[in-house]
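Engineer: In order, the protein sequences belong to chains A and B. Residue numbering for the first sequence is 1 to 799, as defined by the numbering used here. Residue numbering for the second sequence is 1001 to 1193, as defined by the numbering used here.
Among the hints, a few may not be true.
Cross-link-like lysine-lysine pairs, in silico, PhoX-like; alpha carbons within 20 Å at most [said to hold, decoys possible]:
{"#": "1", "chain 1": "B", "residue 1": "1125", "chain 2": "B", "residue 2": "1168"}
{"#": "2", "chain 1": "A", "residue 1": "115", "chain 2": "B", "residue 2": "1080"}
{"#": "3", "chain 1": "A", "residue 1": "501", "chain 2": "A", "residue 2": "700"}
{"#": "4", "chain 1": "A", "residue 1": "514", "chain 2": "B", "residue 2": "1189"}
{"#": "5", "chain 1": "B", "residue 1": "1088", "chain 2": "B", "residue 2": "1136"}
{"#": "6", "chain 1": "B", "residue 1": "1136", "chain 2": "B", "residue 2": "1098"}
{"#": "7", "chain 1": "B", "residue 1": "1124", "chain 2": "B", "residue 2": "1050"}
{"#": "8", "chain 1": "A", "residue 1": "438", "chain 2": "A", "residue 2": "363"}
{"#": "9", "chain 1": "A", "residue 1": "700", "chain 2": "A", "residue 2": "500"}
{"#": "10", "chain 1": "B", "residue 1": "1080", "chain 2": "B", "residue 2": "1098"}
{"#": "11", "chain 1": "A", "residue 1": "115", "chain 2": "B", "residue 2": "1052"}
{"#": "12", "chain 1": "B", "residue 1": "1079", "chain 2": "B", "residue 2": "1098"}
{"#": "13", "chain 1": "B", "residue 1": "1098", "chain 2": "B", "residue 2": "1088"}
{"#": "14", "chain 1": "B", "residue 1": "1125", "chain 2": "B", "residue 2": "1098"}
{"#": "15", "chain 1": "B", "residue 1": "1054", "chain 2": "A", "residue 2": "115"}
{"#": "16", "chain 1": "B", "residue 1": "1189", "chain 2": "A", "residue 2": "717"}
{"#": "17", "chain 1": "B", "residue 1": "1105", "chain 2": "B", "residue 2": "1124"}
{"#": "18", "chain 1": "A", "residue 1": "700", "chain 2": "A", "residue 2": "717"}
{"#": "19", "chain 1": "B", "residue 1": "1091", "chain 2": "B", "residue 2": "1080"}
{"#": "20", "chain 1": "B", "residue 1": "1189", "chain 2": "A", "residue 2": "701"}
{"#": "21", "chain 1": "A", "residue 1": "701", "chain 2": "A", "residue 2": "514"}
{"#": "22", "chain 1": "A", "residue 1": "471", "chain 2": "A", "residue 2": "438"}
{"#": "23", "chain 1": "B", "residue 1": "1052", "chain 2": "B", "residue 2": "1124"}
{"#": "24", "chain 1": "A", "residue 1": "717", "chain 2": "B", "residue 2": "1182"}
{"#": "25", "chain 1": "A", "residue 1": "717", "chain 2": "B", "residue 2": "1183"}
{"#": "26", "chain 1": "B", "residue 1": "1054", "chain 2": "B", "residue 2": "1151"}
{"#": "27", "chain 1": "B", "residue 1": "1080", "chain 2": "B", "residue 2": "1151"}
{"#": "28", "chain 1": "B", "residue 1": "1079", "chain 2": "B", "residue 2": "1136"}
{"#": "29", "chain 1": "B", "residue 1": "1168", "chain 2": "A", "residue 2": "679"}
{"#": "30", "chain 1": "B", "residue 1": "1124", "chain 2": "A", "residue 2": "115"}
{"#": "31", "chain 1": "B", "residue 1": "1091", "chain 2": "B", "residue 2": "1079"}
{"#": "32", "chain 1": "A", "residue 1": "514", "chain 2": "A", "residue 2": "501"}
{"#": "33", "chain 1": "A", "residue 1": "717", "chain 2": "B", "residue 2": "1188"}
Now the stretches of chain A that chain B is said to cover, found in silico as 3 or more residues with beta-carbon under 8 Å [claimed, not checked]:
{"#": "34", "region": "195–203"}
{"#": "35", "region": "253–264"}
{"#": "36", "region": "508–519"}
{"#": "37", "region": "535–545"}
{"#": "38", "region": "601–609"}
None of these hints come from the bench; they were simulated from the model. Ideal placement from N, C-alpha and C gives every residue a C-beta, glycine not left out.
Spelled out from the first residue to the last, the chains are:
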Amino acid sequence: MEDLKRNGLFNLKIKKQTIFMSALVAYTLCLTSCVPSQSGGSSSSSGGVANTSASVNIGYGRVLHDNPIILSGNSSLDHTVNLNSLLKTSQDFVIDGQYLQKTCVDDPHCFEVKKDSITSLYQSTNQKWAFDTSTVEFDQVQMFTHMNWMISKYNTDLSSTYSTYYGSNPSGLSTSLPMSLFTSGSTWETSPLRGYALCDDLPNNAFFSPSTYSICLGFDSIYEDVKFVQDPTTLYHELGHAFVHNAMNFRTRASGTVAIDSNLGYFSYDEGKAINEGIADYFSYYMTGRAHVGEWSMGRFLNLSRPMEESDDLHVAGISETSEGRLSYPTYLGYDPNNPEENYEEIHYAGQIMSHFLVAFTKDLQTACSFNNSYARTFTFRLLMETMAYLGDFSSIGIEGAATYGVNHTPENAKEWLQKNKPITYRRFSQTFSRFVKSSLATDSSLCNFNSYNIQRLEQLLDDYGLLLFKNYDMNGSRSLAETIQNVEELNRQKTVLIKKNQLLVDSRSGNSKAFIFDSYSDMNAAATSLTNGFIDGSLSTTIFENGNLKYNNGNGQVSPGELVGILLNLYNNSNSTMAGVRILANDWDHMQDGKPCNNFEDNFPSESQGGASVSNYPGCAEEALDNGVGVLDSQTVEPVCFFQDIQDDAAVWVSQETFMASRAIEATECLGGSSSTKDCLIRSPKGADVAWYSRIEPKKTWAETLVDSNGENEFKASNIFFLEVSPSIPPGTTVNCRLRASFTNCEDCHNITSDDTGNTYTSNVNTPFEQVGDEYKDYKYSGADPFRVINFQFTVID
Amino acid sequence: MKLFKNILFIAILSIPVYYTVKIMNANEDKSWQTYYKSPEGTNVHQTTYKEKKKARIISDSFTKDKKREPASIPRPRDKKTNREVLGKIDKNTLFENKPNSNWKKIYADELLSKLGPDSKVFIKKNLGIIRVIAGKATYIEQVQVTIQNDKDSPPNSFEAQVDAQTGKQLSVWNRTNFEDTKKDIIMKKRLVP
Chain A
1 MEDLKRNGLF
11 NLKIKKQTIF
21 MSALVAYTLC
31 LTSCVPSQSG
41 GSSSSSGGVA
51 NTSASVNIGY
61 GRVLHDNPII
71 LSGNSSLDHT
81 VNLNSLLKTS
91 QDFVIDGQYL
101 QKTCVDDPHC
111 FEVKKDSITS
121 LYQSTNQKWA
131 FDTSTVEFDQ
141 VQMFTHMNWM
151 ISKYNTDLSS
161 TYSTYYGSNP
171 SGLSTSLPMS
181 LFTSGSTWET
191 SPLRGYALCD
201 DLPNNAFFSP
211 STYSICLGFD
221 SIYEDVKFVQ
231 DPTTLYHELG
241 HAFVHNAMNF
251 RTRASGTVAI
261 DSNLGYFSYD
271 EGKAINEGIA
281 DYFSYYMTGR
291 AHVGEWSMGR
301 FLNLSRPMEE
311 SDDLHVAGIS
321 ETSEGRLSYP
331 TYLGYDPNNP
341 EENYEEIHYA
351 GQIMSHFLVA
361 FTKDLQTACS
371 FNNSYARTFT
381 FRLLMETMAY
391 LGDFSSIGIE
401 GAATYGVNHT
411 PENAKEWLQK
421 NKPITYRRFS
431 QTFSRFVKSS
441 LATDSSLCNF
451 NSYNIQRLEQ
461 LLDDYGLLLF
471 KNYDMNGSRS
481 LAETIQNVEE
491 LNRQKTVLIK
501 KNQLLVDSRS
511 GNSKAFIFDS
521 YSDMNAAATS
531 LTNGFIDGSL
541 STTIFENGNL
551 KYNNGNGQVS
561 PGELVGILLN
571 LYNNSNSTMA
581 GVRILANDWD
591 HMQDGKPCNN
601 FEDNFPSESQ
611 GGASVSNYPG
621 CAEEALDNGV
631 GVLDSQTVEP
641 VCFFQDIQDD
651 AAVWVSQETF
661 MASRAIEATE
671 CLGGSSSTKD
681 CLIRSPKGAD
691 VAWYSRIEPK
701 KTWAETLVDS
711 NGENEFKASN
721 IFFLEVSPSI
731 PPGTTVNCRL
741 RASFTNCEDC
751 HNITSDDTGN
761 TYTSNVNTPF
771 EQVGDEYKDY
781 KYSGADPFRV
791 INFQFTVID
Chain B
1001 MKLFKNILFI
1011 AILSIPVYYT
1021 VKIMNANEDK
1031 SWQTYYKSPE
1041 GTNVHQTTYK
1051 EKKKARIISD
1061 SFTKDKKREP
1071 ASIPRPRDKK
1081 TNREVLGKID
1091 KNTLFENKPN
1101 SNWKKIYADE
1111 LLSKLGPDSK
1121 VFIKKNLGII
1131 RVIAGKATYI
1141 EQVQVTIQND
1151 KDSPPNSFEA
1161 QVDAQTGKQL
1171 SVWNRTNFED
1181 TKKDIIMKKR
1191 LVP
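Let the sequences and hints guide you as you build the complete structure.
Structural biologist: Below is the structure:
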């Protein structure tokens, strides 16, 4: 009955949607058809086109159709080149109006371009848009026109994708695109996308800001006449970030139940951010069909351009389009084709694996489905949109019409899961992308030109890239329902290496440190500033600051009362393969009961005589919190990672921070987070600084050994270390145990339910009856220990 | 005449009511405000043209009629406070905080206390909400923040949720994605065991 009602409503909505969509498609086609090829203009004396208002019709101008390197065919083009010489004589439609803006009352074409954020919109009273290429007016027209072309393509392709599900002849396939995608305005932010063609204070840089919904393009710091706006591929990359942001939030916005946006990547380095960069590069290919980005703006003078296919000349020998030669994960995570001898941990370089895979997938679609390259790019775009709409859904549904708790755990926990507990990694992205290939191309042959798309070819291609990191397609996400698991063919995993989690160890080699502690005054003040710039969810404790600086940091390399310390856990890869996407979590989890640390984990620490809570005496230890302590689905709580050693009846026992406070008569008013935050009163990891990422650890090495430079130094980003705030009220000599959790992307036994003994004692959860061996762990399991390696990090607070 | 007197009476009465409401909502100002340190403590003023230019803050006055309908299904609003409600409020709902007109100043103080002496914090309120989870309601302010750490480095923007009573930051997202990531390196060291 519920279904009938839903279907009845569905049909009614479809009629409205169809009318709306038809209008939208017609409008978009009309706009795109307005890119004319009219002749006009004459050659100037300098050899270039005289791009003056007299040479164009109303609404028209001329722009560089590609970057100067491509237009000239000269890879050594000088910065003094007269760009007028690279303009076509034919006119380009810009805008019918006096400003470079598209109005947007319910119109997804909603953007404007100015010189920079504070300059007024340029007004062309004669509505002509032809300017000499050396002028800032030209820069603005150049940016606006390319934005218009790309946004039009985005809307056309998104509309046609939408129509396959909700149009007059719906495919009936499941989709992550919400039915109200267009009617709820979810394709675009509520404010216009602002393009700033030339930001004076942005040398060698560009950005997309999701909070201001703006794109800013800089210039070469030495050759200031080389502007990023002259290279459309750089703009396409930045616009790609905007489209990623949109897609990640399609479902969240349409739901109307969540106020915050989801992001693809949160830290200075994490795999979500690397994938975001790779997809942004792919958007340049999506527009140009050329698998290289930034030849002029980034490549010519800065050596920062990036290829997207292995046959590119920029690559070193050995990289090729063979199975063996692909730019595979994790081998090439730190590979800079411009400086191949260097060893970086940087999101743009790591993202090349994703961009190369997507280009290779696009080309494979051409073969598999007899698509032309343009249509194959559009189809890949479609799969990307669906993948991101699913993964970014903070309403936790994922698939239109499905029940909640399918993805990102619950709406209340969605950000914590996406950011920390179950982030988008190369594994998770590849799995979800493949899920949508399987549920579209491999299910409905009409989508593949009535060819049968064999999913094996995708698995083999993923494996070429080291991305066959998953064992099944996770078709139903975390929903609890009876299902047949859709497994990948294990024989296809030839190149991708999975490693058991017990191969990740704290370095115990003789003479080596278990952890490095950063507590110098200057370093930690710099870190505090960095963390306050939108990295941490909460705020650093005022109890450890004085006049804007840390009050107690002494730089003795130990954890002392009142300090902000950074911890680099010295993890060692004991396996014979590279471990990648390693992350250490110091956020709250379900590991204590009634103020005692549970001892039902792999190492059975601490024993009952040491204060540990056993499953027999504390049955709650054997159940993971169903909603991570929010209190809607059950009453289980999550607790801070650090607990303390105390003396009770002349015996050393491990107790919660609250118990320790009571024992040492520490007042709640002394707590780091104020009197209402007693659970983490004395030591806490600031939310958002409670995760450390290591891009990769080579076999038999630590992260620091993997990424040490030729001078024997390591570079540290805030994402490499997790932070602890230490209360000034902690008595020196106090011993602390922080029970951390670690996982990694190419982990064999971190992601699926296995029949092997995990070493952790949990009872089956009656609320999730359909868990079966081989399936992915349900999202609630990430409140516990099973998906992780538990690591006890002990230290004594020393003054 | 009687009608005129009534109108006049209502008009006169309206003036103090208008200004009272305006004063009460002074901190509900949705325009940009600049916070910075001074010997006397945190100072505030309406963000100037020059500051907007430096911090790349968008000035709505330059935006010509481009507002679209808000995305997504309109959320219910609390009649008393006109705040959007996420979740359901009923007679058993427990309110964990109450709005404080000084929240923005407290929040700015908190940020500035961790930043260098030349830092400026620009804050604009986007939305006021009431979030209800497990029967507990929290008043939250949703803000857009830009931080200018010093004169030479590009400003960074993000969005945040702030406790409407304590001014404490609860969550952040939508940080600016810079292409040049060198500034993300906070230190370079030789590690000695």
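Engineer: If a hint holds in the structure, say so; if it doesn't, say that too.
Structural biologist: Outcome of the hint check:
The straight-line distance between the Cα atoms of residue 1125/B and residue 1168/B is roughly 14 Å, inside the 20 Å bound, and the hint therefore holds. Between residue 115/A and residue 1080/B the CA atoms are separated by roughly 43 Å; this puts the pair beyond 20 Å, and the hint is violated. Proximity of residue 501/A to residue 700/A is assessed by CA-CA distance (about 14 Å); at most 20 Å being required, the pair is judged to hold. A distance of roughly 17 Å separates the Cα atoms of residue 514/A and residue 1189/B; the hinted pair therefore holds under the 20 Å criterion.
For the hint linking residue 1088/B to residue 1136/B, the alpha-carbon distance of about 10 Å falls within 20 Å, and the restraint holds. About 12 Å separates the Cα atoms of residue 1136/B and residue 1098/B, which keeps this hinted pair within 20 Å; it holds. The straight-line distance between the Cα atoms of residue 1124/B and residue 1050/B is roughly 17 Å, inside the 20 Å bound, and the hint therefore holds. Our distance criterion of 20 Å between C-alpha atoms is met by residue 438/A and residue 363/A, whose separation comes to about 18 Å.
Only pairs whose Cα atoms come within 20 Å are accepted, and residue 700/A paired with residue 500/A is accepted, the gap being roughly 14 Å. Distance check on the hinted pair: residue 1080/B and residue 1098/B sit about 13 Å apart at the alpha-carbon level, within 20 Å; holds. Proposed proximity of residue 115/A and residue 1052/B is supported: the alpha carbons are some 14 Å apart, at most 20 Å. Under the criterion of a C-alpha separation no larger than 20 Å, the hint pairing residue 1079/B with residue 1098/B is consistent with the structure, at around 15 Å.
For the given pair, residue 1098/B sits about 17 Å from residue 1088/B by alpha-carbon distance, which is consistent with the 20 Å threshold. Simply put, residue 1125/B and residue 1098/B have alpha-carbon atoms about 17 Å apart, close enough for the 20 Å limit, and the pair holds. The hinted pair formed by residue 1054/B and residue 115/A meets the criterion: a straight-line CA distance of about 14 Å does not exceed 20 Å. Restraint check for residue 1189/B and residue 717/A: the C-alpha separation of about 11 Å stays at or below 20 Å, so the hint holds.
A hinted pair counts as satisfied when its Cα atoms are at most 20 Å apart, and residue 1105/B with residue 1124/B qualifies at roughly 12 Å. Taking the CA atoms of residue 700/A and residue 717/A, the gap is about 23 Å. The hint is violated against a cut of 20 Å. The hinted pair formed by residue 1091/B and residue 1080/B meets the criterion: a straight-line CA distance of about 15 Å does not exceed 20 Å. The straight-line distance between the Cα atoms of residue 1189/B and residue 701/A is roughly 18 Å, inside the 20 Å bound, and the hint therefore holds.
Between the alpha carbons of residue 701/A and residue 514/A the distance comes to roughly 13 Å, so the proposed pair stays at or under 20 Å and holds. This hinted pair checks out: residue 471/A and residue 438/A have alpha carbons roughly 14 Å apart, not beyond 20 Å. Under the criterion of a C-alpha separation no larger than 20 Å, the hint pairing residue 1052/B with residue 1124/B is consistent with the structure, at around 12 Å. For the given pair, residue 717/A sits about 9 Å from residue 1182/B by alpha-carbon distance, which is consistent with the 20 Å threshold.
Simply put, residue 717/A and residue 1183/B have alpha-carbon atoms about 9 Å apart, close enough for the 20 Å limit, and the pair holds. Only pairs whose Cα atoms come within 20 Å are accepted, and residue 1054/B paired with residue 1151/B is accepted, the gap being roughly 8 Å. The hinted pair formed by residue 1080/B and residue 1151/B fails the criterion: a straight-line CA distance of about 43 Å is larger than 20 Å. For the hint pairing residue 1079/B with residue 1136/B, the CA-to-CA distance comes to about 18 Å; that is within 20 Å, so the pair holds.
With a C-alpha separation of about 18 Å, the suggested pairing of residue 1168/B with residue 679/A holds against the 20 Å cut-off. For the suggested pair residue 1124/B and residue 115/A, the alpha carbons sit about 23 Å apart, so the restraint of at most 20 Å is broken. Between residue 1091/B and residue 1079/B the CA atoms are separated by roughly 15 Å; this keeps the pair inside 20 Å, and the hint holds. Between residue 514/A and residue 501/A the CA atoms are separated by roughly 18 Å; this keeps the pair inside 20 Å, and the hint holds.
Straight-line distance between C-alpha atoms of residue 717/A and residue 1188/B comes to about 9 Å, which keeps the hinted pair within the 20 Å bound. Restraint check on the region 195–203 of chain A versus chain B: 4 residues with Cβ-Cβ distances below 8 Å, three needed, restraint holds. With 11 residues having a Cβ less than 8 Å from any Cβ of chain B, the region 253–264 of chain A passes the three-residue criterion, so the hint holds. For the region 508–519 of chain A, the stated coverage by chain B is satisfied: 5 residues place a CB nearer than 8 Å to a CB of that chain, which reaches the threshold of 3.
With 8 residues having a Cβ less than 8 Å from any Cβ of chain B, the region 535–545 of chain A passes the three-residue criterion, so the hint holds. Counting residues of the region 601–609 of chain A whose beta-carbon sits less than 8 Å from any beta-carbon of chain B gives 0, not enough to reach three: the coverage restraint is violated.
Violated hints, in rising order: 2, 18, 27, 30, 38; the structure is consistent with all others.
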